[in-house]
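J.: All chains should be built: construct the whole structure from the sequences, respecting the hints.
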Amino acid sequence: MKLTEETVDKMAELAKLEFNSEEKATLLGDMNKILSFMEKLNALDTEGVEPLIYMTDEINALRKDEVVQTLTHDEALKNAPKKDSDYFRVPKVLERG
Amino acid sequence: MNYASLDAIRTDLAAGKVSVTSLTEFYLRQIKENKDINAFLEVFAEEALQSARLIDQKIAEGKAGKLAGLVIGIKDNICFKGHKVTASSKILENFESQYSATVVERLLAEDAIIIGRLNCDEFAMGSSNEKSAYGPVLNPLDKTRVPGGSSGGSAAAVAANLCHATLGSDTGGSIRQPAAFCGTVGLKPTYGRVSRWGLIAYASSFDQIGPITRCAEDAAAIYSVIAGFDPNDATSSSKPLKPCKAKIEENKVLKVAYLPDLLQNESIKKEVRDAYQNALNTLKERGHELVEARFDYFDYLVPAYYVLTTAEASSNLSRFDGIRYGRRSPNAVDLDSAYKKSRSEGFGREVKNRIMLGTFVLSAGFYDAYYGKAQKVRRKVTDAMNDLLSGCDLLLIPTTPDTAFRFGENSDDPIKMYLQDIFTVQANITGHPAISFPFGNDEKGLPIGLQAVGKYFEEDLLLGFSAMLKA
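Sequences listed follow chains A and B, in order.
Mapping of the first sequence onto this note's numbering: position 89 corresponds to residue 89, and the numbering continues sequentially without gaps.
In this note's numbering, each residue carries its 1-based index in the second sequence increased by 1000.
These aren't lab readings, by the way, just hints derived from the structure by calculation.
Fair warning: there could be bad hints in the mix.
Pairs of lysine-lysine, BS3-like flavour, derived with a Cα cap of 27 Å [to be verified]: (1) B:K1084 with A:K40; (2) A:K78 with B:K1380; (3) A:K33 with B:K1380; (4) B:K1252 with B:K1455; (5) B:K1255 with B:K1284; (6) B:K1284 with A:K33; (7) B:K1416 with A:K40; (8) A:K82 with B:K1084; (9) A:K92 with B:K1090; (10) A:K82 with B:K1058; (11) A:K24 with B:K1416; (12) A:K78 with B:K1084; (13) A:K40 with B:K1252; (14) B:K1066 with B:K1242; (15) A:K78 with B:K1090; (16) A:K24 with B:K1090; (17) A:K10 with B:K1090; (18) B:K1284 with A:K83; (19) B:K1455 with A:K64; (20) A:K83 with B:K1084; (21) B:K1143 with B:K1380; (22) B:K1255 with A:K83; (23) B:K1444 with B:K1455; (24) A:K64 with B:K1239; (25) A:K82 with A:K92; (26) B:K1416 with A:K2; (27) B:K1455 with A:K33; (28) B:K1252 with A:K82; (29) B:K1245 with B:K1284.
Quick caveat, the model's predicted, so the values are computed rather than measured.
T.: Right under this line is the structure:
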């Protein structure tokens, strides 16, 4: 299939990315090339084949349901681009009414 | 100082001919003198020297670990507590690890010295190391050529003797292809054999950490330390780790499968095919059994790989939101633009391409046609490989269709670049262990890599095989 600019815009919105018109043109070209390359898979008959999803034989490798502190509060905030003493800070979410 | 193996280093250490401190000083000088290669993004000089002095003391007291004397570099997607890690991306420019990867902890516990972090393609996405946000790495054997990728810095550092060994990560060949381009040994262990706790994820059902070294014996020594169950990685295998000898028993006849079609395939460089043939001849002369095999899925490997890995990448990289860590765009005015601008300014083009493709193949209406289809192909390919391997001990194929190429040579067309991975992605799609080792050179003197792919958890056989073929 051939992607349209509209689909690219929709995917960009889902992926939280933005592109200027020049970038978008290159991206559209690249994506179409790669998608038609991916479509080679259609030449292979997979009727009745179960998808392979899990790559290990481990079944439900879960740890005990116990509280463990792996990061302290300070460590968790350490790399935040904006923070106060307790929280991550984000730009304003709601406009003033 | 140009040690061919860790064994040689340890022999000299025991004889008092060298100290860990003098070794570390030597590597620090090497790194400084070879800055143009751009292999290291950061060197932990002071800390490495401090550890070296401590380890020298431990050696004197007879208390040193198994890897005392090993000076190792780590790919810049492996966390080391209190040190920066960026995945060679601007989005993580000032990120500092709050904890260490399991592989790092295990190396340190055995007295290895971590000398710095190594350049790679951004988020390990690339086959030439041209896609790092911090500039390309040069191949030390020919500086007009790429070192391969994505663990390009890891392979170049070993080839240029900037440290004795390195760790890389391999999602589609990112350890083995650069190992081949730089004339080094690279091991991708079985999926689940080495913990990924503390590895920045690219495609979680593919990624494995492994060593890049000067010889198979060193790879075995490092693998033995980093491999094994880790409760922090739910995909890590609980299978006990067998002791690794990296030695094929004398008089043991190996059944080595090969693909006769590849010997005639003209899209593979002539010298690479010749090296392949030479290796087969050598094996025959030494009394091993060659098994003709067929593998009909090469055309589907790279497409399936890109559907599955871009899908996983789009999900894994959604965590980079510019809120909790990483770079936040100064141009953000509200929450949505904080996400979009931070991500769009922070990620490079290749990474954005892959996120977009992954978002598409997972999106409503296209999921079954692309992602679901590729998962079925993955099953078929895996069954075919298991069938093939059931009739032999291992499969021998080239690591790459070509030797190290020039900068820019494969940059015009993403497909051309992606096809560099044709012989390596298979082991990531199926999860099998695989090793690349140097075997001969092309007409320009550039190294050629051959690759052995083995049954699940049979790393020891692959290591022994590489050691034997080189000897």
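J.: Determine for every hint whether it applies to the structure shown.
T.: Here is what the structure says about each hint:
1. B:K1084 with A:K40: Answer violated: K1084 (chain B) to K40 (chain A) is near 41 Å, above 27 Å.
2. A:K78 with B:K1380: violated, 46 Å
3. A:K33 with B:K1380: Given that 27 Å is the threshold and the Cα spacing comes to 25 Å, the pair holds.
4. B:K1252 with B:K1455: holds, 17 Å
5. B:K1255 with B:K1284: holds, 10 Å
6. B:K1284 with A:K33: violated, 43 Å
7. B:K1416 with A:K40: OK: K1416 (chain B) and K40 (chain A) at ~15 Å, within 27 Å.
8. A:K82 with B:K1084: Holds - the C-alpha atoms of K1084 (chain B) and K82 (chain A) are around 18 Å apart, at most 27 Å.
9. A:K92 with B:K1090: The hint holds at about 25 Å.
10. A:K82 with B:K1058: violated, 44 Å
11. A:K24 with B:K1416: With a Cα-Cα distance of about 21 Å, the restraint between K24 (chain A) and K1416 (chain B) holds, given a limit of 27 Å.
12. A:K78 with B:K1084: This hinted pair holds, its Cα atoms lying about 12 Å apart.
13. A:K40 with B:K1252: violated, 42 Å
14. B:K1066 with B:K1242: Within the cut-off at roughly 17 Å; holds.
15. A:K78 with B:K1090: holds, 18 Å
16. A:K24 with B:K1090: holds, 21 Å
17. A:K10 with B:K1090: Between K10 (chain A) and K1090 (chain B) the Cα gap is close to 25 Å, so the pair holds against 27 Å.
18. B:K1284 with A:K83: Roughly 66 Å separates the two Cα atoms, so the pair is violated.
19. B:K1455 with A:K64: violated, 32 Å
20. A:K83 with B:K1084: Status holds; Cα separation ~20 Å.
21. B:K1143 with B:K1380: Answer violated: K1143 (chain B) to K1380 (chain B) is near 41 Å, above 27 Å.
22. B:K1255 with A:K83: Not satisfied, since the Cα-Cα distance of roughly 61 Å exceeds 27 Å.
23. B:K1444 with B:K1455: violated, 34 Å
24. A:K64 with B:K1239: The hint holds at about 20 Å.
25. A:K82 with A:K92: holds, 13 Å
26. B:K1416 with A:K2: Distance ~20 Å between K1416 (chain B) and K2 (chain A) Cα, so the pair holds.
27. B:K1455 with A:K33: Cα-Cα ~35 Å, so violated.
28. B:K1252 with A:K82: violated, 62 Å
29. B:K1245 with B:K1284: holds, 23 Å
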